[in-house]
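Those protein sequence lines, which keep their order, are chains A and B. Using numbering that gives the first Met the number 0, read the first sequence as starting at 0 and increasing by one per residue. Using numbering that gives the first Met the number 0, read the second sequence as starting at 0 and increasing by one per residue.
Each hint should be verified, as a subset may be incorrect.
[To be verified] Ranges between beta-carbon positions, derived for each pair:
1) A:I9 / B:H18: 44 to 54 Å
2) B:S139 / A:E199: 19 to 29 Å
3) A:I236 / B:H18: 51 to 61 Å
4) B:K204 / A:E199: 28 to 38 Å
5) A:Q10 / B:K204: 41 to 51 Å
6) A:L290 / B:R119: 27 to 37 Å
7) B:D27 / A:G176: 53 to 63 Å
[As the list claims (entries may be wrong)] One side only, chain B facing chain A, incomplete, derived with CB under 8 Å:
8) G58
9) E112
10) S114
Since the hints were made in silico from the structure, they are not lab data. C-beta atoms are modelled at their ideal positions from N, C-alpha and C, and glycine is treated no differently.
Chain by chain, the residues run as shown.
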Amino acid sequence: MIRLFYKRAIQDIRENRFLNTVTIITIALSILIVSVFALFFINTNDLINHWKKGIRVVVYLKTNTSEAMIPDIKKKFEEMYGVSEAVFISKEEALEQLKRQIKSQISLLEDLKENPLPDAFEVRMIPSSQSWEKVETLSDKIESLPYVDDVEYGEKWLGRFTNIVNLFRLTGYGVGGLFFMAAVFIVANTIRLVLYSRREEIEIMRLIGAADSFIKFPFYIQSLIQSTLGGILGLGILFIAFTIIASNVEHGFLPGSFQIRFLPPAVFFSIVISSMLVGWLGCYLSLKQFLRI
Amino acid sequence: MIGEKEKNAIIRLFHVYRHYGSKNALIDITLDVFKNEFLFISGPSGAGKTTLLKLLYLGEPVSDGQILIDGMNLSRISRNRIPYLRRNFGIVFQDYKLIKTKTVYENVAIVLEASGVKRRMVQKKVNHVLRTVGMEQRHSAFPPSLSGGEQQRVAIARAIVGDPKIILADEPTGSLDSESASFIFNLLKGVHTRGATVIIATHDKELIKKTGGRVVYLSSGRLETSPYV
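Pulled out of the complex, with its shape left as it was, chain A reads as follows:
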């Protein structure tokens, strides 16, 4: 029986080649757009996590802080939740570092009568505790200490960047939803056109005692074939584009050890299954409307 349904579905696809090709391409494009979003988010997420690994909070101590207090302060920092270590950087060390960094304009520093830089601590965080709220709480806590002059975490922009990415993510869900609906309607429309071209045949089949399920099944197979092919085609195009872009971009644009990656298998298959769902839903809507008559 399945063989018979499959045969009828293939026959329908062959007879309406143009219509089916257009539908498959449209589904492929919808899937492509949605999966571009998915790929973008997966990689920006990876990138943000990569950057977060380097987060450190720099704590500047007040100038009147005595050297004897340093071990206590270090201990205090290291006992704080989420801190992996605190490294003391004396003002002399800091000046040396600065000199090394601005070698070409070293003359600027030569006239200094005294070292203007404060003593500082570099507080490094445990990677798992690096959510933005935690970094902020920690820096607030440190700033409230009496011997602390100022707290700085250079990657403050990363927080803002994360927020922007989150906003994009929401837009991505919205766009994904819209494309999903558009694809459903396109499949529904294709199936409806095929149904119209076969309405006489369907009418005859009903008159000779064919159950609705017998009539419907080949259409479901047809739409599943369309949507699976569309999904795979869309993801295939994405993969080719990804391979080309990845091989050109990786070395210049991205930080050191970070590598962009393609959709993980779970996401890949979820997208194919969503695509099949598009086909099923489109077919269901058309058949429901058509066979009610």
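Dock chain B against chain A, hints included.
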């Protein structure tokens, strides 16, 4: 009390009406058709013969009244049971209603496929029935390439392939030459002999005279003969 004859009725119509807007197509039809009967519904064109047949297989709903088919009340039948009701019938439509894009073989086979018969059995039965109607040589032809008589034979093959209890034939010899008509008619006779109830809607008086089955007359939507034998 239900008499023997009523008990033997496979189709029963009680005060059946069918109207389209204000136009009455059938008016107060009460009729029993018995198992293995050969019944003619006669009357001029537009008398309501086709409409009456349509009501039996739920091609159209009744406007009023009740119809029982082999004990099933059509006004109480659920939508998803309609295909099963229709499998009691083998219908020969006035315009044949063959699927143009399917071959002769496929047109006949679809009846069995739709009721879930295994492929091997479908093959056996379809080949047999095509032989019976003399169309085995043309099994892979498409309906538009067939003559009227040939199309009618395919339509009859499709109607009888599922061994239905009731055969409904709407003007089966209407547009055929006398030779084809008599061949078709003999086919229907053969089915009747094998136990089916056959109902033929026709205005062909010659055909009725030759056969000698029960005849009911329809005129302007009314039954003009006694509803019972």
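G176 (chain A) and D27 (chain B) - C-beta distance against the hinted 53 to 63 Å: holds, 58 Å
Satisfaction of the hinted span 41 to 51 Å by the C-beta atoms belonging to Q10 (chain A) and K204 (chain B): holds, 45 Å
Holds or violated: is there a CB of chain A closer than 8 Å to the CB of E112 (chain B)? Given a least distance of 6 Å, the restraint on E112 (chain B) holds.
So, S114 (chain B) near chain A? Judge it on the closest CB pair being under 8 Å. holds, 7 Å
Quick one: are I236 (chain A) and H18 (chain B) within 51 to 61 Å, going by C-beta? holds, 60 Å
Does the beta carbon distance between S139 (chain B) and E199 (chain A) stay inside 19 to 29 Å, or does it fall outside? holds, 21 Å
Quick check on G58 (chain B) please, does its C-beta sit within 8 Å of some C-beta on chain A? holds, 7 Å
Return holds or violated for the Cβ distance of K204 (chain B) and E199 (chain A) against the range 28 to 38 Å. At roughly 33 Å between Cβ atoms, E199 (chain A) and K204 (chain B) fall inside 28 to 38 Å, so the hint holds.
Whether the CB-CB distance between I9 (chain A) and H18 (chain B) falls inside 44 to 54 Å: Given a distance of about 45 Å, which is inside 44 to 54 Å, the answer is holds.
Cβ distance range 27 to 37 Å for L290 (chain A) and R119 (chain B), holds or violated: holds, 30 Å
Going down the numbered hints, you'll see the structure goes against none, and every one checks out.
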